[in-house]
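Participant: Here is what each chain is made of, one letter per residue.
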Amino acid sequence: MERDSQRGRYVLKRILFVSSGLMLLLAIMFYLGLAIGSTGYDLFEVLEGLFFANQDNTESVAQTIIWQIRLPRVLLATFVGGTLGVGGLVFQALLRNPLAEPYILGISGGSAVGAIVGMMLGLAMFPGVAGLAFLGSIVTLIVVLFIATGRRLFQENSLLLAGVMVNAFCSAIIMFLISMTRNAKLQNVLFWLMGDLSNTVLEQTLALGCILLPCFIFVFIMARPMNILQLGRETALSLGVHVLGVTLSLLIVTSLIVSAIVCLSGLVGFVGLVIPHILRLVLGSDHRILVPASVIGGGVFMVGCDLLARSLPSQGELPVGVVTAIIGAPLFIFLLYRSKT
Amino acid sequence: MLVMIFSWGNYTVARKVQDQLGRNIVIPTALKRIVSLAPSLTECMFALENGNKLVGVTKYSDYPPQAVQLPKVGSYVNLDLEKIVSLQPDLCLATKDGNPIKVIDRLEELGIPVYALDPRNLSTVMETINELGQLLKAQKKSSKVVQGMKKRVELIKKRVAKTNSRPRVFFQIGSSPIVSVGSRTFIHELIKLAGGVNVAAGSVDYPRFSREEVLILNPDIIVINSMTRDQQILEWAKQRWSEFPNLPAVKKKQIYGVNSDYFNRAGPRLVKGLEILAGLFHPEMFPKAKN
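Quick mapping for you: the protein sequence lines, in order, are chains A and B.
Take the first sequence: its letter number 332 is residue 332 in our numbering, and every next letter is one higher.
Take the second sequence: its letter number 233 is residue 233 in our numbering, and every next letter is one higher.
Just chain B, same shape as in the assembly (with noise of 0.2 angstroms):
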């Protein structure tokens, strides 16, 4: 008890807010020491310019590079809970889908306040980049932020809403087994946007294939995502494709490999996702893009 008390008299204010879970916690004036439980609400926080409040982050956090001087807590789905704790941090920012709720649960039984956030689309995700400048009064900043990415949005949808063609497109996460997207996902949005069709759209948000379904479903482009450190599974996986010549992803020679890390984490790089997939979708529109 003496402890808690102590501890509350270096906060000057305290201040509550609620989550975007709808949890009410207790957050000191000053944040000082956050600690950030996914890659991307690590750069969430570095593109608010609030990176140097930042003092633990998760084993992947590696954008931007000075994030992976930071200590790490663990992989988001397998937290460090000693190491979070030793850190004594003011704030840890959470995302609901995958930090695991019992470790956030445990978190707050040890006194440290835990902001959850939630971000399903692209516009929440903005929302979230908002909310997370008014947590550190960084307003300003994040409203640019946010400016800058439906600037961009905007540019797309206006070139790709000149061009009729909508190129049937299957996003490939997984190569063994083969796994795609859902409907309710982020990348289902970024490739409608860019002008696609979503092949595996539907109500599995990550659904298997088999190499024989994905060939009736007749796309035109392939799309694998591929952790930069993982070129030989993305070489290997383009090189399985190529066997069925009558593909007509194979016969235009649309396979493309995208790095993972502008499709897979909810931050402000989702916009240059979706600028990489408009460039493979509608070349002619995006005469630069194209990587």
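Bound-form chain A, shown alone (with noise of 0.2 angstroms):
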């Protein structure tokens, strides 16, 4: 009994220390996102801006800049960031799969030809499109799910095979809708679709919070049953794990999550790779401390992606998506051919 109560002290110090660590790095990095953009201000000029109101025209200018433009994005980078970084970890951890994530299974494509569908009956984000974009998200779980289990149980690369097979249905029917839609409003789907953060107003992306952070401390409080699902089903089911609950409850709150990312900034691939892997490398495998970690990890990742994003072409910006996969795809690839030797 000593003893547990000493080691859950060890955990929870350990969660705290790596926490605000990585919190430190995201204020860094959250601060660069409020600083750099294409208009391009002082350093010190931003900081002066957030802590100091100054009625001076030309700061005004600044401020409304730095409060009602870069803000609500880097904010909703964070959101982004944190919900598909623990999505990775959630997937790879229920399918014990090393390679699962909601973009490589299809599930963030299920979710975008659900929103695309709602955009085109002219629904309203909430609940019609975001609502659609979750169905989609579920259907096409089932779908994989379905399709992987056939008869070995989570084989690794049957799930990967129906997860490129299901995400390259799902491009298809988007380009079929796309080509349908006599729609002149979706001219700006396929750069939505490559993941954009631009157009963001911060009454959303705070609505946005207010969806994720329940959902977070949901996945947190089943990091425990997580942890033991690891040691394989039975021996999990032997400790009094329910397996099907946890595994489903997991999988639904996820898609959900992850279709409301889609939703707002489309398709963005390959952070719950990146993220959750290099986590695991420096932390281990305790979930009580990977959950967290991925949550704030992913924000850090993702307020980089959208920085450079915003700050490589000279003129304009690119889609965050093209930047996350170029850094992600070529790890898979090295993550794929390691595990096969």
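No wet-lab data here; the hints were simulated from the structure.
Take the hints with a grain of salt, since some may be wrong.
To give an idea of the chain A side of the interface with chain B (calculated C-beta under 7 angstroms), a few residues [what the hints assert, rightly or not]:
| hint | residue |
| --- | --- |
| 1 | G37 |
| 2 | S38 |
| 3 | V61 |
| 4 | T64 |
| 5 | I65 |
| 6 | Q68 |
| 7 | I69 |
By construction, the Cβ of each residue, glycine as well, lies at the ideal position given by its N, Cα and C atoms.
Using the hints, put the two chains back together into the complex; each one sits in its own frame.
Facilitator: This is the structure we're talking about:
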């Protein structure tokens, strides 16, 4: 008993230590995200603008840009990164496959199909578009799992292959829908599909945060059962873990937050692959530590990628999904290669 | 709040106007800093000799040459909000069709008035120019510009009326896939005014065609519009049609490339586009115009 509580305190300490370290990193990234943009302001100027309200007119423009244009965007990037980071972690843990991730398994693609159908029907963002996106993600999740579990449960390659095929199918459906529509408003869809964080409003981002936070907490609470699941299904059952309940609830919650992200920012891939892998390498495999670390670390990564997307091109900007894919896809291949040898 | 009051102090008087979408906006009496969110509007501004008031334009605003020097605020569908705000405009000019409504809403939230214009055909382009003239207090100039446009259109109409030939025209705005123009577009109107028949007329604004569908339409003339920087694509598109020697347009050697800037931009230069088309359709009536 004594040893148990001691161990618990040690884990808590580690969680706090790791989280605050990553939070510091996030704060630095966040600050850079606020300070760098197409108009460019001095780093100190931004600091000044953040803390001292000035009635001077030129200063107010800087403040408008920082508070109303960059802040919602950086905040959204943090949320997107956190969601995708933890999403990848959950999928990898539950499917016991190091290469599982919402984007690669086609879950993001499925919710994009749902979202586009919603937009074409002219539905409101909430509940119409978001609801259909969630439905799309759940349907693809079921299809992928159904294909993959045909004979051998969660066999590594069959899961990935099922994901690849579902993904290909989803992108075909998306192209089909775009070709069929006469709605000029969907012109921007292709840009959005590559992951687009521009045009966010603070209220929308905060509303998203209100959905995400309880889900993150739920995943954190499930961290212990996730640890036990790593020991195998039978062991988990004998240790009193309700395997089916844990798996289903986590998959549904993850699909929910991923589809919410897709609605606002389009398809951003590979974050759920990059972040959990790096963190596992550094922090080990305790999910109680990995869950908060993936949320914060995902945020750090995403804000950084968005910064690159905004500042690399001399004119205009890249969709942020391009940046994450350029970093993530080679890593995926590397991991695939390593898992084979 | 303070900031708002302060910036209001700068304006001697503000005035309320209604834009072409019926939205009420408040703008300063004397407009000094304007951002144009479409190349066509940039052209209109310069045509009204108010180009000096522009502090920002979109990426492809390349006419007149002075516009190239101005700060760029992204492309017209993909606007750089931050850049626009940093230019501190007292008005943005937008088009209903091109600019995403999301960005327009955001600009207004940030306290920048947006005047939206919705030119759908040649006569509404002229109305738009007049309206801009009123907005900028350059009514004299705008009515002169519009009168000039009307005169040139009338001249074409008169000459076209003298001939009975109405060639069947296929206007190709995209080459892979092949895309043409339906009945509700500027180009359709220009083809008609120039004395041609748009074989792609129909309810779809930008219909796609397969090559065999075009062969069945049997056009006498194929007009391919391309940007000046895409000369290779134009050559390739012409080449592809020449593979069908039985097509009347190929037989008569009537496949032409035109500069898309005269046809895509809802500004004063549309009339130039009309003159080009009339020259292509009826070279006997417009010996000079043929390019």
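Participant: Next step is simple, just say for each hint if it's right about the structure.
Facilitator: Hints, verified against the model:
1. With its C-beta approaching chain B no nearer than about 5 angstroms, A:G37 sits inside the 7 angstroms limit, and its interface hint holds.
2. This hint holds: A:S38 has a C-beta 5 angstroms from the nearest C-beta of chain B, less than the 7 angstroms allowed.
3. With its C-beta approaching chain B no nearer than about 6 angstroms, A:V61 sits inside the 7 angstroms limit, and its interface hint holds.
4. For A:T64, the interface hint holds, the least distance from its beta-carbon to any beta-carbon of chain B being 6 angstroms, beneath 7 angstroms.
5. Against a cut-off of 7 angstroms between C-beta atoms, the interface hint on A:I65 holds, since the closest Cβ of chain B lies about 5 angstroms away.
6. Satisfaction of the interface hint for A:Q68 is found here, the shortest Cβ-Cβ separation to chain B being roughly 6 angstroms, below the 7 angstroms cut-off.
7. Hint on A:I69 holds. Least Cβ distance to chain B is approximately 5 angstroms, under the 7 angstroms limit.
Violated hints for the displayed structure: none, as all numbered hints are satisfied.
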